[in-house]
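**Student:** Residue strings, one per chain:
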Amino acid sequence: MSGRVLVGVKRVIDYAVKIRVKPDNSGVVTDGVKHSMNPFCEIAVEEAVKLKEKKLIKEVVAVSCGPQQSQETIRTALAMGADRGIHVEVTGKDYENLGPLQVSKILAALAKKEDAQLVILGKQAIDDDCNQTGQMTAALLDWPQGTFASEVALEADKIKVVREIDGGLETIKVNTPAVLTADLRLNTPRYATLPNIMKAKKKKIANVKPADLGVDLTSRLEVLRVEEPPQRQAGVKVETVDDLVGKLKEAGRI
Amino acid sequence: MNIFTRLSPVDLNAICCSSGQFVASTRKLHVGTDGPKSPPAAGAPERLPFSRVTEEDLAFFRKILPGRTITDPDLVESSNVDWLKSMKDFFSPAGSSEVLLRPQKTEEVSQIIRYCNSRNLAVNPQGGNTGLVGGSVPVYDEIILSTSLMNNILSFDSISGILTCQAGCVLENLSLYLEERDYIMPLDLGAKGSCQIGGNVATNAGGLRLLRYGSLHGTVLGLEVVLADGQVLDCLASLRKDNTGYDLKQLFIGSEGTLGVITAVSILCPRKPKSVNVVFLGCETYEQLLKAFQLCRGMLGEILSAFEFLDSECMRLLNTHLKLPNPISDCPFYIVIETSGSDPKHDAEKLHNFLEEAMASSLVSDGTVATEESKIKALWSMRERVTEALTHDGFTYKYDISLPLEQIYQLVIDMRQHLGGRAKSVVGYGHVGDGNLHLNITSSTKDPALLAAIEPFVYEWTASCRGSISAEHGLGLKKRNYIYYSKPSQAVGLMGNIKAMLDPKGILNPYKTLPDDVK
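Just so you know, the protein sequences line up as chains A and B, in that order. The first sequence begins at 1 in the UniProt record's numbering and counts up by one. The second sequence begins at 1 in the UniProt record's numbering and counts up by one.
With the rest of the complex left out, here is chain A (with noise of 0.2 Å):
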């Protein structure tokens, strides 16, 4: 086994910040607004780094698709202690049409290539939700999956996974390679110190463009239409009970 994990990191607005819908509905505003890592692959992130401490594994790849800025996504993680990166440039309208399918693929490609014994993702992006691109990856490759993982035991060459589920918690168990997507409880990322982000403005990132890895981009889904949902009426607040039912009896309601 290579005792390497790819982990993927998306770069996604950032969940504090006021989603605004773009005037022409194509899309949300993304010029000008912060973006960070997303909040479930820094938790993919903080597993891989935990399983190198636990010596388990060799090697963190983090791996992140997208145009110059998605670079500064991929620092953070070698910030919190993955070894290096690989930046899969997407630019322009290609990224705008960028899912989970074409990030599977190069995914999946690149596990391939970099001969990975564990791909970890967060379980869904905060900005699509769409949940898809781990269990595409897997069949893609044709491994087997460990979702919403609350815990992960890796035991000999066989990992055992408990997944948050409807009805509770899931344990199963997977041969490697495999994939695992994160969960909210999985663990609680690290702050990135200060030695180790002096570090990572050291360690390699490298250049890769999907047509290398055989991926095409074309994507299968167009957006039609972006709508804010629909705005919740102000209530109206009165000083006193006749006031109060004066309104109930005005809006017919008594």
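Everything labelled a hint here was simulated from the structure, so no lab data went into it. Beta carbons are placed, not taken as given, at the ideal position from N, Cα and C, and that holds for glycine. Keep in mind that the hints are not guaranteed to be accurate.
[Said to hold, decoys possible] Quick look at which bits of chain B chain A covers, simulated, 3 or more residues with Cβ under 8 Å:
no. : stretch
1   : 322 to 328
2   : 354 to 365
3   : 374 to 388
On the provided structure of chain A, position chain B as indicated by the hints.
**Tutor:** Just chain B now, with coordinates in the frame of chain A:
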């Protein structure tokens, strides 16, 4: 920024305090001040002979404020109690107002005050009620005049950044309004979700951004104030520069509701920074912390927007009571540094150089950096929630002191030694960049013996360094009699004259701010 501007002129023969050496005869060390004439009275003063509220008074109020004259004891109760819930422990019977008035317009405030003045009824103006020195709640049966319904934004000029609004606007709401227009408020404090701008101005609130944007004395451009006789003083002009006569608004800023009721504010707001970074660092000693501050000033310069500290005891309380984990390894001191600038690349480079230098010269033993909104909030909460953590630790004695930077932590060390095992926790944190220490001591229950050990030790220690016994919290009820530790009696006398001129009957927020012997 010169922290000495608010202190009395230096007496060249004065002895400066040094670590551990603290002279017993402190009166000589109150540079320029005479010290208190007699031991400051603890607890509350006697009730002054104001009128009591009658049915006729209520009828008048109800005519002016239909539906907004509250007399239901359950509804008035929360306005009678301060945020720390400490006033009922301070003296008894505390806060027994029976009337809460909620005007919506300046005209209503004017009519109410004019009436109260003619009837000799005492009035307690109240904003968000987040003050920490008992200045915002009634001492006896003063009528509570709440600005909570005066929460309209009147205008905003997006070219000059001048915001004009009513006094009851909540600080956080103003921030959200401005952020959508690419501006921010010039002040920020932990109480932002509840405090109102009128109260902020009345107490000259400091907060986390003072280091960068200065105090309200500089950023407030105009005020509308209702005077004790009901007159509306319109100094609300929103001009950056206006040297036409005495600058009256400065009198009301920090007057704690005793000279007039602020009803509207116009304030100069800075642009929202495009790039904000927060750094959380660990230092082994206070000396290293000070050196890190100097390095910071030099290398980050104009992008530095906050420099705060907390000690390891604060971290312990955050871990224990709020379950907030330490973002870095355990260190004796922690610093929170914030940078705000207009160019992310430029700021990141400056920050990177500063951090490399700080680590290389071993000023800093550990740290972490945040650029993302969510992480920035998480790191700031380590500093902003210390006050909350303390409330879970027990009964808290709070001291808000200005000192020369080098002396700030020595007070914490000396207090720990002085109290021995009598206190549960003794913690230090605060706006170290502004020379402002928040010293807090907790005990499992209210302990008069502990209080006697803390006071006047803390005030005398502060006075011996020519410091301020209330850097930003104000005097309110709790600290009114300690004013002489930081101001000469001549100055206090003049304050009394001004009060007598503006409020001859003394109906505005009585018993507060000025010491008992000046009434």
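**Student:** A separate judgement is required for each hint: does it hold in the structure or not?
**Tutor:** Here is how each hint holds up against the structure:
{"no.": "1", "hint": "322 to 328", "verdict": "holds (count 3)"}
{"no.": "2", "hint": "354 to 365", "verdict": "holds (count 4)"}
{"no.": "3", "hint": "374 to 388", "verdict": "holds (count 3)"}
No hint from the list above goes unmet by this structure.
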